[in-house]
Amino acid sequence: MYKLLTFIIMLLIIMGFQDQNKPDYNPMFFSMTNEWKEIALDEPVFEFVVKSLDTTYDTQIKHQVRLLSNSEGAPRLFFSNIETSVCADGECKLANIKVYWNLLGNYVGYGMSPELPLTKFEHDHFEKEDYAKLHQLLLDDNSILKRRKMSDLIDQVPVSPSNIDSKDLDGISGATITEVKESVVKGGLYSCYTLWHIIHGEVQEKMKRYLESITSDTLNHYFLYTPYKDYQMYALKQLQKTEFKKHSIQIINIFKTTDALTKAYILKKIPSDVLSEQSITEQFYNEFPLVDINSRTLLIHRLKSANPNATEILSKYLDSMTRNQLRLYLKYLSDNPEHLNNTSKTNLIKASENKRFTYGFLIKVFFKNY
Amino acid sequence: MYFIGIAQDILVEAESFIDKGGWVVDPQFVEQMGSPYLMAHGMGVPVANAVTKVNFNKKGKYHVWARSKNWVPGNWDAPGQFKIAVNGKTLKTTLGVTSGWTWDYVGKVNINSTDVEIQLSDLTGFNGRCDAIYFSQSQKLPTEAETNLASWRKTKLGETTIPEQQKEYDLVITGGGLAGCAAAISAAEQGLNVALIHDRPVLGGNASEEVRVHTLGIYGKFERILKMIDTKHYPNGSYKAKYDQEKRDRNVKSFKNIDLFLNWRAYDAKSENNSIKYVDARNTSTGERIRFTAPRFVDSTGDGWIGFWAGAEFSYGRESSSKYGEASDEWGELWSPEEPDDIVMGSSVLWQNEKTNEAHKFPELAWAKDIAKEHKAIAGEWYWEFSRNDLHQIHDAEEIRDHMLRAIYGSFANAKKVEKNKNYKLQWVSYLVGKRESRRLLGDHVYNFNDVKNHTKFKDAVVEESRAIDVHYQRNLKDSEEPDFLSEALFYKTEKYYIPYRSLYSKNITNLFMAGRNFSCSHIGLGGPRVMLTTGQMGAAVGLAAVICKKYDVNPREVYTKHLEEYLNLIEKQQ
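Heads up: the sequence lines are chains A and B, in that order. The first sequence lines up with residues 1 to 370 when you count with our numbering. The second sequence lines up with residues 371 to 945 when you count with our numbering.
It cannot be assumed that every hint is accurate.
As the list claims (entries may be wrong) - Chain A regions said to be covered by chain B (calculated; three or more residues, Cβ under 8 Å): (1) 104–115; (2) 259–271; (3) 322–333.
What the hints contain is simulated information worked out from the structure, not anything from laboratory work. A virtual CB, placed ideally from N, CA and C, is assigned to each residue, including glycine.
Please model the complete structure; the sequences and the hints are all you need to start from.
Dropping the structure here:
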């Protein structure tokens, strides 16, 4: 009778968390700007199941995912108040974490109830830096925890707790393997592992599917014009080539600020009729010395679709080219001699005479055969 | 000796030195720079002199040139410097200081006897390299030596078009990695006379003690054969590779009908009417040449050289995601791009430290710092990997290897500044590029992502694997703060999948098998089966297919169209 009562109370507590109509959104860590402050609407959109990773207590708890929107009704975040047991060798503790995902289903932050701190080895409480480390771990969608079973994460040879600092231990069966150690909270492997798999599990697929159901031009426009790389890439992928011109200013902004992967995507996708506009060519090609080497290669590859002034712009940046890039550029000039104007020639000659420029000899050969 | 004296000039190939001292023969980049060369791979400690004797026909004054290279041109002292001594007299000019492979004038010498001793004297221990030395009584280097080196070299060495020796086999296998070794064993066990041509002194390719990647994957139907040549699961880069090396070499050498040509590198394959007639190979030290003829050939070179020379269709780079339907919602452009490109998985150079009981210094290296920046490390692992879209894994392999050497030396120098690392020293740094992906020869079937996802049970399934697809990308694509020589892996976990025999022979060269990373697959299709037990299975499978080919005098495709059942039964008997 007593056990049943305890169970009902626990259940009511969990349901109580989930039934709050408008929880107080106040994440401890948040990797976006301040979207959570703008939340005015909050609606449950689907449920997902969290299975206990511990075989002793094979529990399954349904959790609600809420869509958080701003005062204009524009969706901004997904949210779920997750309750789970974190178990180590049969000993379990309740963990409560309020998780935020962006609209693509990528984890962006979490909050905690002060009265329910996360725990680690021997149920010590997480310390301040442990919470920060957990946030970093959760941000890594390709964490080593992803492809490993819990049992794989413990060294094969048992280590006696008396011979080792307890902070190096996870549970009582062994020390965490080195590669994992670097990414998880010391002594908190079970909590980290459980939470990572919940947050990056089935729920992400469901969020992706939900996004597909609410996709709209307005939302894609929002994605394209936010400062977030994943949103930008998503929007660029949705964008028809015919729409590149309309958004060229923002696409150039993205090109200047994003990672090498997205830069490459833009350079491969931008249609020739957009890239060939003089002002757009200038904005892309003037970035040449500032962008990564792979993007430089693609800029040279795209010379044939760019405005002819691109060749002159690149002639200013010969010393930023690798050997193969310079070869590619000179090959382009050989094939398109009409694009080699006097300024470019002067720049090329100057570079070939510069003794500190390693590949000057390639330019000399080029002029010899010109 | 690999030199010829004609009239008043002599060309001495460095790799032919009788005593190589601490210098190593590097034949990896012959197709790009023209020849194997000697390299002073001392990990920062100058290596012992290489010494040779040369017979001069005529005494007198000679001008000397050496073909060498500053492998890191820039505003710092060249890393790989060395000098040449003739008859005990060291010539003043320091070599290894000019950008690109070039002939440098070294000086004049007086030759007073017909027996002349030449020495290469390493000054730095950091990978100085010498291709050849040329003595001439003329003051001028022949123009042809610079403008048409290959032809000039042949003339100077008195090479004829056809190799001096010819040998005939049932099966000629080029490339002695796991795939080539397994092909040789499975064919030899069934009685075929096999030639196995390999350009290194030891077998195993990436699994050898020279590269030290452990073998991964499953054994499939070929456990017995593969256990003769595999490795234990030691950490990549471990010295323990040498024990498996001994086992592998001993086992392959135990077959009387495998003629093993170690230190022989194929340099040409000729086909007529889409059928290969011969493969020509050259000894990497002596320069001797052999023409290998056979009714059928295996390309297990990794880079698909035999197929390339013979005109086999091949692919390189990443297909568009729509070509075979290989898109990934999860990984997007990192997995399979919307537009095809030249990006492939990179090459690794593994390395290992030794912890000693005393402090060891390691110098600060401006030419390495440029790549390593602030990265600190005391050992390498698989993710020490380099790929970039302006570099081709075959044509630019020397630059890729050298980039990794700079990353290693620079990162180790950074780590050595930390007190706790004072007793570490470099124990071993490979100088061989451990490639993951390069040319992929096209077969009747191109193995791809869907074959894995669907677990397609091809009726000609001869290789099986359960390892996750595992494709890599350079970390700096997503984070510009990351060093450009570190990679990240993306996985697609899966149950067992199968590779059809039709991916193991060329679609247009009728007598060519392929096994190893150059089998017929897409970029993503390579992601799972590129590990060495799987490539070993491919080798064993084609070795047996060659047996059926011989029995019925048919080509590889006809094994599939006419003799599949017998072939599959033969495979079943291997367990």
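Quiz item: Hints broken by the structure, by number, lowest first?
Solution: 1
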